[in-house]
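First residue of the sequence shown? That's 1 in full-length UniProt numbering, and the numbers climb one at a time after it.
Treat the hints as calculated values from the structure; they're not laboratory data. Computed from a predicted model, the values in this text were never measured in an experiment. Wrong hints could be hidden among the right ones.
[Claimed, not checked] Cross-link-like lysine-lysine pairs, in silico, DSS-like; alpha carbons within 30 Å at most:
| hint | residue 1 | residue 2 |
| --- | --- | --- |
| 1 | Lys-26 | Lys-136 |
| 2 | Lys-39 | Lys-160 |
| 3 | Lys-136 | Lys-88 |
[Stated by the list, open to error] Derived Cβ-Cβ restraints for the label pairs, each shown as a range:
| hint | residue 1 | residue 2 | range |
| --- | --- | --- | --- |
| 4 | Gln-67 | Thr-221 | 29 to 37 Å |
| 5 | Ile-251 | Asp-184 | 19 to 27 Å |
| 6 | Thr-53 | Lys-231 | 26 to 34 Å |
| 7 | Glu-314 | Ser-80 | 29 to 37 Å |
| 8 | Gly-134 | Thr-50 | 30 to 38 Å |
| 9 | Val-287 | Gly-307 | 34 to 42 Å |
| 10 | Gly-307 | Gly-181 | 43 to 51 Å |
C-beta: ideal position from N, C-alpha, C; glycine also.
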Amino acid sequence: MMKIAIAGATGNVAQEVTEALVATGKHQILLLTRKDITKIPFNSPLSSVTWITTDYDDTDQLYEILQGVDTVLSFIMTHSDPENKTQKNLIDAAVRAGVRRFAPSEWATSSFEHLPWYTGKAEIREYLAELNKGKKVLEYTLFQPGQFTDYLCYPYKTSKHIHPFQTQLDFNARRAIILEGSEDARITLTAAKDLAIVVAKAVEYEGEWPVVGGIRGDELTIGEIVELGEKIRGGPFTVERLKPEDLKAGIVNSTWLPKVDHPSLPPSEIESMTKGFLSGMLLGISVGVMRVSDEWNRLLPAYKFTGVEEFLTEAWENKP
1 MMKIAIAGAT
11 GNVAQEVTEA
21 LVATGKHQIL
31 LLTRKDITKI
41 PFNSPLSSVT
51 WITTDYDDTD
61 QLYEILQGVD
71 TVLSFIMTHS
81 DPENKTQKNL
91 IDAAVRAGVR
101 RFAPSEWATS
111 SFEHLPWYTG
121 KAEIREYLAE
131 LNKGKKVLEY
141 TLFQPGQFTD
151 YLCYPYKTSK
161 HIHPFQTQLD
171 FNARRAIILE
181 GSEDARITLT
191 AAKDLAIVVA
201 KAVEYEGEWP
211 VVGGIRGDEL
221 TIGEIVELGE
231 KIRGGPFTVE
241 RLKPEDLKAG
251 IVNSTWLPKV
261 DHPSLPPSEI
271 ESMTKGFLSG
281 MLLGISVGVM
291 RVSDEWNRLL
301 PAYKFTGVEE
311 FLTEAWENKP
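Put together the whole structure using the sequences plus the hints.
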């Protein structure tokens, strides 16, 4: 039985992955959290695993926690981890404890151009690369699924833990905001359930983990997503096209703004971040940040991913 530690275990993606691991019945799982474990509901489906409260500041405590652990999966929110102290402490403790494998808090894009809120992820990539410079000290992979297909189902929930939030591709209101000339820009869309299952399979994978760990559920252009939305929702979308020079100048000339009410963001910050988030996503998509590679697809060829049209057709069936 393999021992796996999950850091940032109460986050929504972490819970999806944890339940996929629990479902295999093959692992001993440690869930690390800053929260008071006595306040976790007794009837939680994860109550059979071991919860451990840690503030991540005590590296000696982390070292003790990680004794005998084979794999650490990190879901620590980088935007709330000043100077990446938490993840760096976790990595250092993992190396000291002899942990074999580590997955940093990625779970999204292939690159970070125009996405300043992901700066911490870029810094951790550099930290891990420097750690293994010259000699491999810690095996790791960057799990990158692109965008969750589930987000195109807002406001409806299509997975147990992923919190749906409004994006610039709003199937519910039959509208979209795109960057002028970006119709052919490509996005990788992966169902949250597929990510969770692939991670569970990756933990058991006997070969060496690839550093870049792309997970490609499906890949469509912006234009194809809008066309698919019109087909599934039974009518035309209102499409607004914003100029890149305006966005780069901080000007957002759209009649509406998607509300990114992600649970990791304080409610007081959501409104102030909205324009910057929209600008960053539109500009980032145009240069390919949401298009990821397919390393895990090739390493796990027997696994069948859920196509975007299949997923969305089922999710939007009989919806008003």
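Hint-by-hint comparison with the structure:
For the suggested pair Lys-26 and Lys-136, the alpha carbons sit about 27 Å apart, so the restraint of at most 30 Å is met. Straight-line distance between C-alpha atoms of Lys-39 and Lys-160 comes to about 20 Å, which keeps the hinted pair within the 30 Å bound. Note on Lys-136 and Lys-88: the hinted pairing holds, with a Cα-Cα distance of about 17 Å set against a maximum of 30 Å. Taken as a hint, the range 29 to 37 Å is violated for the pair Gln-67 and Thr-221, whose Cβ atoms sit roughly 48 Å apart.
Between Ile-251 and Asp-184 the CB atoms are about 24 Å apart, so this pair conforms to the stated range of 19 to 27 Å. Taking the beta carbon of each, Thr-53 and Lys-231 are about 49 Å apart, not inside 26 to 34 Å as hinted. Between Glu-314 and Ser-80 the beta carbons are some 34 Å apart, a value that agrees with the proposed interval 29 to 37 Å. Separated by about 36 Å at the C-beta atoms, Gly-134 and Thr-50 satisfy the suggested range of 30 to 38 Å.
Taking the beta carbon of each, Val-287 and Gly-307 are about 25 Å apart, not inside 34 to 42 Å as hinted. Separation of Gly-307 from Gly-181 is about 27 Å and departs from the stated range, judged on CB atoms against 43 to 51 Å.
The structure fails to meet hints 4, 6, 9, 10 from the earlier list, while all remaining hints are met.
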